[in-house]
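J.: Mind docking chain B on chain A? Use the hints.
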Amino acid sequence: MGAGLRDIAPKEVYSAKIDAAAATGDVTVLDFSVLHPNDSSKKIVVINFLYTCTTTNPTAFWSGSSSGTQLTGDMRVIANGWVKGGYNPDGHFKAAVGADLVIERASSVGVGGWINYYLE
Amino acid sequence: MVAEAISDKTAKETKTAIVQFSADLDDTGTLFDATATIELVAAIPGKKIVVTNLNHWHITFAGTTDGVAVEFKSGSTALTGKILFSNFGAKNTTSTSYMPDGHFWTSKGEALNMTVTDTTAGGAQTIWVYGYINYYEE
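Protein sequences appear in the order of chains A and B.
Counting with this note's numbering, you get residues 1 to 120 for the letters of the first sequence.
Counting with this note's numbering, you get residues 1 to 138 for the letters of the second sequence.
Same shape as in the complex, but just chain A:
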C-alpha cells in the first residue's frame, strides 16, 4: 500500500529527471542499485511524473526492463506532447522489489521531464 488513503506515515519523496535523446530502447529512469544501494528490500512507488516526447511513438513504464513486468500501457502522444501523472500519494504504479524503473521505447522517441517517487 502507498501513503494517502491507507497509510499516512511520513515518506521521503524523491525527485529525478527524465532525460534521453531520441532513440529506440529502454531508458533507465531510476537505477535502483545506484540510487538506493542500501534499500534492496524495497520497491519504487511512483506518485507524480511529467515528460514530453519528441515523436508520436509510444512510451511505457516497466519494472526492471522491457523484458520484465509492464506497468502501463503504451502511451502515445502527439510530437512534443505531454505524458502526465498528477500527484497520487498511493502511487500510480510500483516496480518490483529492488527493481529499476524503465521507460520502454519500441520506436525512436526522446523524453524529457521529471518523476517523483518514494520507497516502501
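Hint data in this document are derived by calculation from the structure and do not stem from the laboratory.
The model shown is predicted, which means the values in this text are computed figures rather than measured ones.
There may be inaccurate statements among the hints.
[Unchecked claim] Dumping the calculated DSS-like pairs for lysine-lysine here, alpha-carbon to alpha-carbon at most 30 Å:
| id | chain 1 | residue 1 | chain 2 | residue 2 |
| --- | --- | --- | --- | --- |
| 1 | A | K42 | B | K15 |
| 2 | A | K43 | B | K15 |
| 3 | A | K84 | B | K108 |
| 4 | B | K108 | A | K43 |
| 5 | A | K42 | B | K48 |
| 6 | A | K42 | B | K108 |
T.: Structure of chain B alone, referenced to chain A:
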C-alpha cells in the same frame, strides 16, 4: 497559503514567482543551437526552493512546427530533462498538478533557474514563456 507534504507535516508558507521570459534567440538553423537562462527565484542562503506547482505555463514562438525546450535548474545543475513545447495554434499551455512534496527542488543556497533552448530550424525569432510557479523554502 499552507502546503502539507506527505514527507514533512510542518506548515509551509507557499509563495508565487512569475515566469515571464521573452528573448529573440539567435537561431542559425542548427538544432539545439541557442539557449538563454533566467532566474525564477533568487538563491536563499541555507534554504532549498521546493516547487509545488507550475501553472498556465505556455510558450509562443513564430512560424515553425518544431519545438522549444525548457529545463529547470538548481544553479547550473539540471533538475529536469528538456521539456518540449510545440507551437500549436500559437500557444501550447499546460499546468502540473499540485505536488505538496515538490516536483523538484534546488540544493540549499542555490537559485531556481530556467533555461530555454531554441530547437527550431527557422530563422531568428522571439520566444515567450509565460506562467507562474508556486514554491516554498525549507
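J.: Check each numbered hint from earlier against the structure, then list the numbers of those it violates in ascending order.
T.: 1 and 2
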